[in-house]
Amino acid sequence: MLSVVFWFVAAASATGPATPALSPTNIFAPASTPAKSIFGLSLFVIAVTASIFVVVFSLVAYCVVKFRKRANDDGREPPQVYGSNQVELAWTVIPVLIVVALFMATVRVIADVQKASRPDGAIEVVAIGHQFWWEYRYPGLKVVTANELHVPVSDPSHPTPTFIQLLSADTDHSFWIPRLAGKTDLIPNHPNSIWIDPQQTGLYLGQCAQYCGTQHAKMLLRVYVQSREDFDRWIEEQRQPGAVGDAATQGQRIFETTACINCHTIAGTVANGRFGPDLTHLMSRDTIAAGAALNTAKNLRIWIQNPNAIKPGSLMPAMELNDAEVDALTAYLETLR
Amino acid sequence: MATDSIAWPRSEGLSRPFVDQLHEWVTTVDHKRLGILYVVYALIFLVVGGIEATIIRIQLIRPHNDFVSPQVFNRMFTMHGTTMIFFVVMPLVFGFANYLVPLMIGARDMAFPRLNAFSFWLTAFGGLLLYFSLVGANGLYGAGNAPDVGWFAYAPLTSRTFSVGHSTDFWTLALLVSGFGSIGTAINIMTTILCMRCPGMSLGKMPLLAWLNLVMAGLVILAVSPLTAAQVMLVIDRYLGGHFFDTQAGGSAVIWMHFFWVFGHPEVYVLVIPAFAFISEIVPVFSRKAMFGYPIMVAATVAIGFVSMSVWAHHMFTVGMSANANTFFVFSTMAIAVPTGIKIFNWLATMWGGKILFKTPMLFAIAFLFQFLIAGLTGIMLGSAPFNWQLSNSYFVVAHFHYVIVGAILFAIFGAFYYWFPKVSGKMYSETLGRWHFWVFLIGFHLTFDFMHVPGLLGMPRRIYTYEPGRGWDTWNLIVTIGVFFQAAGVLVFVYNLLWSYFRGDAAGSDPWDAWTLEWSTSSPPPAYNFSTIPTVRSRRPLWDLKHPEDPDWKYE
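Protein sequence lines correspond, in order, to chains F and Y. When we follow numbering that gives the first Met the number 0, the leftmost residue of the first sequence carries the number 0, and every step to the right adds one. When we follow numbering that gives the first Met the number 0, the leftmost residue of the second sequence carries the number 0, and every step to the right adds one.
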């Protein structure tokens, strides 16, 4: 049976928990306590279900081979057996015991993850899901950014977990970084929260996991886990006011006199829209369009001219600018460091 | 058999005007004809839903594919899910119940023949309404031309803010209309089973199929009603200024989820319990043994029916319920594994010590056992809430429920088609083609749905129209898509077999399987009145008693 293949893959992924050998979003390569707790539980559940599978599969296979009608059959009906209470009792009690074991193991992990206490050094983040991008606000640190979440690495001896409050500005979304934690939905009018304490620096990927509209597929998640120094430096940069200098460049004038400002904020200018990502420090980000494209001058230009070329169905309208205007606007955006 | 004139148009001769025959089918209140109408209607939609699935899979064959636009992709998965659940599997289940229940309990028709016809036509027009959205949904907005909110249509995506035009209205009304049809049929099935059994057939002597359909009908009434209520609330929100699910005015998106899944989870059992029923008829006959542990099977089914009403929120482990609520739903979800396991063991014990005959229906039944086992075990993984936080809404879930709906339910239905085809048509199907259908479809099924688990474990969410390269998902998706073409080929063989056998097959006789339940005691196809004299039974296997007067069942039950 080909179905056995699936079990091998589950087992193969499970052998290398520290390295995301098969995929950067492998749930069997946890790097944060909630994901590790789930991983431990999942190995137990897989072991139990795999054992049941082997036993029952063997019984059915044996039965089918052993009791097939033979070529030399005498044509008489086999003995009729109507049931047996002892046998029924046995295969009721054994599953009950298995279920109780699975239930107890599960309840432990639910409590570990959902009832974790919040240490003093915890970082607070508010994540707000939008069609089709992520807004991140650090209320204590007075930082607002979009699509790329930065958190400090958490040393198990001095944990600095990040607690993320999950809100939605429009439809349902779901926050899922498989290597850091299970997913939790962002639902309007229904605040949720999760926590992560990544123990290795690096970039962790994920994406929206609750269907939220046309561009659900390109609502990608990027979490940058940084050393404490790098994180503090990043926070310091993000708290700086926006790019200063000659305020009246042509690009800035175009930005401030078109619909751009209805949706985007650039701190220190008249632009204070909230529907789209904050662009104050746009150039500090690696990607644009919620991770759908790299943040290069060429991609910025394509994005401004026709967002549908990168994300068809994106809510950002094409601004119908001419080439010179797009050049000026792109040049202005490239100053937002 | 010349007197069996009304049940089947062929026996009346093909010379009668087509319009007359059509008129008879459209106005019929005969349970057998309505059963056939349900099934034919469902098969047409099976092909439509299959084409939608194929479009989905071609789009996902490689990363950044642009076979269809995101808008079209989103409509495809919405229509695929809605079609397959409401207009394929439910009509198939109702069709078989309609055809078989009166015959198996020795009745001449359903309790309410005209309600029966009314229910069928409601369901039929519900399906047409859904597909009429392709024409009518644009409204004055030039908006999308088919529903694109997903088959469980979470609020507030369905509000007029996020869903302009009429596509969501067509989805809502289609389910509302067909929902009334489902409730009508369920009332009919329950009444028939409770009131129309032949003399001697106490509840404890009914064939298991009747028992299981009784539980199914009860679940339909309990499950479809909240869905219907929710659809009415959604219409009120969209057109009468209601705020049930309008989160911007203080409404609750989570309430919709509860309404939907309090329908949605029992619905799974509405579909799978009739599949259990088919297996419980096929396995004994092809093992040549009585069903092992009949009273326990009945008890397990009733238990599943009750417990299935209290597990719905395991679809909602990721919406941020309290730890206590999560714990409760973990418990109820895992508890349902026990009666389900009992069923598998009883089928196994029925085969044990028998003389198993590998005809096509039995091949499908054996595949059902293996696949339902796997579906149940992945279900336990999903029932463990923390594991679910990783697996929910990933391709692992998609693979899991297709294992249930295709691997278990559809396989059982295919088995049922071959098992009862001789009874319904009077012709024997082609065993060779049946085996081809089985093996080709089996290979396709496993290529698609075994490998579909893997991208889910590797972090691939469902309902994405495309994905990034470098995530380790590419190869798995390629294999999954290849499997689809095997499945399509299998279904073509199946349809060809049905048509070929109907026109060219050998006469089947009234009892080709040497079976034991009452439908095999009348002619194939049965006359309009089913039985010239209403039978009297003394045991669960009345035909066994007739065939083995020296060793009848009623001595042991």
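By construction, these hints were calculated from the structure, which means they are not laboratory data. Misleading hints may appear alongside valid ones.
[Claimed, not checked] Listed next, with one range per pair, are the computed distances between beta-carbon atoms:
| hint | chain 1 | residue 1 | chain 2 | residue 2 | range |
| --- | --- | --- | --- | --- | --- |
| 1 | Y | Phe484 | F | Leu88 | 25 to 33 Å |
| 2 | Y | Tyr555 | F | Ala60 | 25 to 33 Å |
| 3 | F | Ile260 | Y | Ile442 | 55 to 63 Å |
| 4 | Y | Val231 | F | Ala296 | 50 to 58 Å |
| 5 | Y | Val301 | F | Asp73 | 35 to 43 Å |
[To be verified] Taking lysine-lysine pairs in the BS3-like style, the calculated list, with each CA pair at most 27 Å apart, reads:
| hint | chain 1 | residue 1 | chain 2 | residue 2 |
| --- | --- | --- | --- | --- |
| 6 | Y | Lys204 | F | Lys35 |
| 7 | Y | Lys554 | Y | Lys204 |
| 8 | F | Lys65 | Y | Lys204 |
| 9 | F | Lys35 | F | Lys114 |
| 10 | Y | Lys354 | Y | Lys554 |
| 11 | Y | Lys546 | Y | Lys204 |
| 12 | Y | Lys546 | F | Lys68 |
| 13 | Y | Lys204 | Y | Lys354 |
| 14 | Y | Lys354 | Y | Lys546 |
[What the hints assert, rightly or not] Covered stretches of chain Y (chain F as the covering partner; in silico rule of three or more C-beta atoms under 8 Å from a C-beta of chain F):
| hint | stretch |
| --- | --- |
| 15 | 31–37 |
| 16 | 47–53 |
| 17 | 257–266 |
| 18 | 291–298 |
| 19 | 372–386 |
The beta carbon of each residue, even a glycine, is placed where N, CA and C say it ideally should be.
How the hints compare with the structure:
no. : hint                            : result
1   : Y:Phe484 / F:Leu88: 25 to 33 Å  : 47 Å, violated
2   : Y:Tyr555 / F:Ala60: 25 to 33 Å  : 30 Å, holds
3   : F:Ile260 / Y:Ile442: 55 to 63 Å : 58 Å, holds
4   : Y:Val231 / F:Ala296: 50 to 58 Å : 53 Å, holds
5   : Y:Val301 / F:Asp73: 35 to 43 Å  : 39 Å, holds
6   : Y:Lys204 / F:Lys35              : 53 Å, violated
7   : Y:Lys554 / Y:Lys204             : 13 Å, holds
8   : F:Lys65 / Y:Lys204              : 31 Å, violated
9   : F:Lys35 / F:Lys114              : 16 Å, holds
10  : Y:Lys354 / Y:Lys554             : 23 Å, holds
11  : Y:Lys546 / Y:Lys204             : 18 Å, holds
12  : Y:Lys546 / F:Lys68              : 20 Å, holds
13  : Y:Lys204 / Y:Lys354             : 24 Å, holds
14  : Y:Lys354 / Y:Lys546             : 18 Å, holds
15  : 31–37                           : violated (count 0)
16  : 47–53                           : violated (count 0)
17  : 257–266                         : violated (count 0)
18  : 291–298                         : holds (count 5)
19  : 372–386                         : holds (count 10)
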